[in-house]
Amino acid sequence: MLKPLLTELCRSPARRLLLGLGLGAALLGLDVGLRPDAPAPAQAAWPAPMLALAPGALGLHAQGAIPMPPDTPAAHASTLVAMAPSDAAAVTAFWFAGQRESAPDVQIAASQFDRATQQWTPARFVVNRFEVGAQLGFGVRRLGNPVAWVDPQGRIHLFVVATGLGGWAAARIVHLRQSSASTALAGLSFEVLRALPLSWLWNTSFLVRTAPLALQDGGMVLPVHFELGIKYPVALRFDAQGNMLGMVRMSRRLHILQPTLLMASDTHWLALMRDQRPQGKITAAQSLDGGQSWADLPDLALANPDASIAGVGVAPGHMWMAYNSSPHSRQVLDLSHAADARQWALTRRLEAGSGEDEFSYPAVLWADDSLWVSYTDQRERIAWQRFVWQPNAP
Amino acid sequence: MTDYLNFLLHTNAASLPSPASGYGYLHGAWAVVMAAAVAWLAQGVSVRVRMGLAGAVAVLNMLPGPVAPAYWLGLAFQAPSLLSAGLALAYLVAVWRGPALGPWRGALAGTRWSVLGGVGVALGWVLLLDTLAWWPVSVYAWGFGTSAVAVVLVVALLAWVVSAGREPACGPWAGVLGVLALFVLTRWPNGNVWDALLDPWLWAGLQGVGAFRALRWVWRRGSAATHA
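Residue numbers (this note's numbering), protein chains in the order written: chain B, 6 to 399; chain X, 3 to 230.
Just chain B, same shape as in the assembly (with noise of 0.2 Å):
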């Protein structure tokens, strides 16, 4: 009966098109109305912005290395997150760590900063590529570079690199978010949400690095990078809840990744970039319009060998930029400040190696009133240094 009854309503073309334009603005009218409101222009949030206001200097304050995970050799890739004001710890750190980068049996590692002690906690792994596997309903090859965010309700979510087919070119981003009802590192552990959806090509091959910008309404802005023989960067924006609402392309170019974020302003933000050519320089690329649109900027002066950067604006005039400074190694990591990221001044030499020495991928976090940097030592630990803004200091 319906057949007969559908093959004379679409006979003609005129039929089809008055049923047509019912049922498509009806279909419109529904992916609108379930879909979340679009969200407000973005605008970052300064994690300390009264430090404009207080003239002064960075000084050491603490260094070391954060423990390792018993019987693990090898560590690399360290984020840090700052944690509530009410919670026993400052800050988490995880890492990656196994064997060595790419083995299977590669986890991922976290450790908090007591405040209660002054000290790192006993490090334990917190994720691993078969529990990942499980939750997401197909195989994970390998697990690599972590980012984790802290959203308003106090849930850590982590953003782990995991491989298919094909090493790094295959790798995707998974987000995983905190299900424990605590944060604190004994009982820490993770459900997955979703392998992120950034790529047509079987959603291939982006990468997470660096840390994520916070903004005003809650949500952040997480830099990521498509690595397939090209590299560009990419920004993902995400709500307060931490869903995922876009991204946009940050460069024309195709030779630079892992961006990280500096704010200059609540909407002028600034991309500084890992470059792979040889003789690189730090690459840029700013936005006016809170991450709506990308432009191109001349390269720093400041040589990049290939190498990781992490950077963070503070407060307005003060940005922080953690990078290996020598062209041709990642023997030397320096600590360097700028009023608008185009000037950096040395604040400190983090370390200064010589020979196989490698001091590299940092990772850097203003808490507690103080800069934190963590950075990878040798491959086989994660060292961190702790920096105090000194009022009124040279």
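These are computed hints drawn from the structure, not numbers from a lab. Computed from a prediction, not measured in an experiment: that's the story for all the values here. Some hints here could point you the wrong way.
Distance ranges between label pairs, derived from CB positions [as the list claims (entries may be wrong)]:
| id | chain 1 | residue 1 | chain 2 | residue 2 | range |
| --- | --- | --- | --- | --- | --- |
| 1 | B | L65 | X | G26 | 25 to 35 Å |
| 2 | X | G46 | B | Q158 | 51 to 61 Å |
| 3 | X | W127 | B | A108 | 30 to 40 Å |
| 4 | X | A92 | B | G172 | 29 to 39 Å |
| 5 | X | S149 | B | K286 | 31 to 41 Å |
| 6 | B | G172 | X | P138 | 25 to 35 Å |
For each residue, glycine too, the CB sits at the ideal point set by N, CA and C.
For this one, chain B is given, so just place chain X on it according to the hints.
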């Protein structure tokens, strides 16, 4: 102009399926696609046996963990598109209904499928080159927004309207509209309309079919000219 296009096409209201829904779709879609593949490979045996084998493969894909082929297919290729799953389901129905689907089989060789296939091939090239950053704007990012759904809706509706009198109401363009409606309701597979309409394997298949038909046409023309 690029900034204007970026602003027009930029989307920041993506709607992704829930983790449970995404998990269910991945296993369900691979179950249907693999069942159709097995049914196609088993041509020549009885319908009952073909459907039995297809059913067994479908059940296997719904199991959790590494025992399911979907676990490994998902590792490599994520989830099939809604259109791929729909075509696979339609094929299984055709196998089950047997000779009654003769006219349906004939329709597959018709012009309307060639037009739809051509559109699919073109879209795939646009998306592949977009992945390689050829275009000034990100086409894939646009697929998270309502404007992309609207464009697909207009194109499919126009093609469906224009084809009145030459194809049945439930022809290929109506199928595209059905996929779009299912996407709006479920956001399968991942909230991006391009992934709902086309996956790389379907795109490769369309090109293969297109190349085969082109070669066959050239061969037939050559044969006709020889015998003239």
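Taking the hints in turn, this is what the structure says about them:
1. With their beta carbons about 53 Å apart, L65/B and G26/X fall outside the hinted range of 25 to 35 Å.
2. In this structure the supplied range 51 to 61 Å holds for G46/X paired with Q158/B, their Cβ-Cβ distance being about 59 Å.
3. Between W127/X and A108/B, the C-beta spacing of about 38 Å keeps the proposed range 30 to 40 Å intact.
4. Separation of A92/X from G172/B is about 37 Å and conforms to the stated range, judged on CB atoms against 29 to 39 Å.
5. At roughly 38 Å, the beta-carbon separation of S149/X and K286/B lies within the given 31 to 41 Å, and the hint holds.
6. A beta carbon spacing of about 30 Å between G172/B and P138/X agrees with the range 25 to 35 Å that was offered as a hint.
The earlier numbered hint that this structure contradicts is number 1, and it is the only one.
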